[in-house]
Amino acid sequence: AQSVSQHNHHVILSEAASLELGCNYSYGGTVNLFWYVQYPGQHLQLLLKYFSGDPLVKGIKGFEAEFIKSKFSFNLRKPSVQWSDTAEYFCAVLIQGAQKLVFGQGTRLTINP
Amino acid sequence: NAGVTQTPKFQVLKTGQSMTLQCAQDMNHEYMSWYRQDPGMGLRLIHYSVGAGITDQGEVPNGYNVSRSTTEDFPLRLLSAAPSQTSVYFCASNVGPNTGELFFGEGSRLTVL
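Chains A and B are the protein sequences, given in the same order.
Sequential numbering from 1 applies to the first sequence in the numbering used here.
Sequential numbering from 1001 applies to the second sequence in the numbering used here.
Derived from the structure by calculation, the hints contain no laboratory data.
Every value quoted in this text rests on a predicted model; they were computed, and no experiment measured them.
Beta carbons: idealized from backbone N, C-alpha and C, even for Gly.
Incorrect hints may appear among the rest.
[What the hints assert, rightly or not] Residues from chain A that face chain B, not an exhaustive set, calculated with beta carbons under 8 angstroms:
| hint | residue |
| --- | --- |
| 1 | N32 |
| 2 | H43 |
| 3 | F103 |
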């Protein structure tokens, strides 16, 4: 079965630190990739997405992610985090034709001021 | 523009009771889905629909029923609630199943005693 793995369950950083959250998926065919964010008490919203083209995609709030097909990875990065980035981050994979978005377990990010 | 609206936001049930979580969207999206969110497990797909009159099972459909009589509405029914169904439920919609960009409701927190 297709799966999405997020290696870090809880990440704690100080403001201005750099961030990288890992995401790997297990599927050999064509996929579309997403990162969603859930701020405390809110619903999920799209952070960024990759469909095709440049494997380095930029999203909102200074986030970016790189698709490395050979590693089945789509890691999320931000050069300098802020306290307001405290949230839970979910990686998701859409398998073309499957009509279903599969989510990872989520990574809780805590930024200390 | 309301987007995706879920009701109720909170509900406490006793084991064996039934209830319906309502979901409505006003974006004329064909694709709607229900997820449950549990700590450490991310979001898991319960049921989805690719259009009025068409529904299908996701990863964890047992104990839940859905119907899609209109484009706008996609209710989720718990026929006989169990403590294992204690969770936060999210309804989502998008333009089509292969876009992957979901619009989420604010969630419904259900506790089954």
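- Any hints this thing doesn't respect? Which numbers, in order? none
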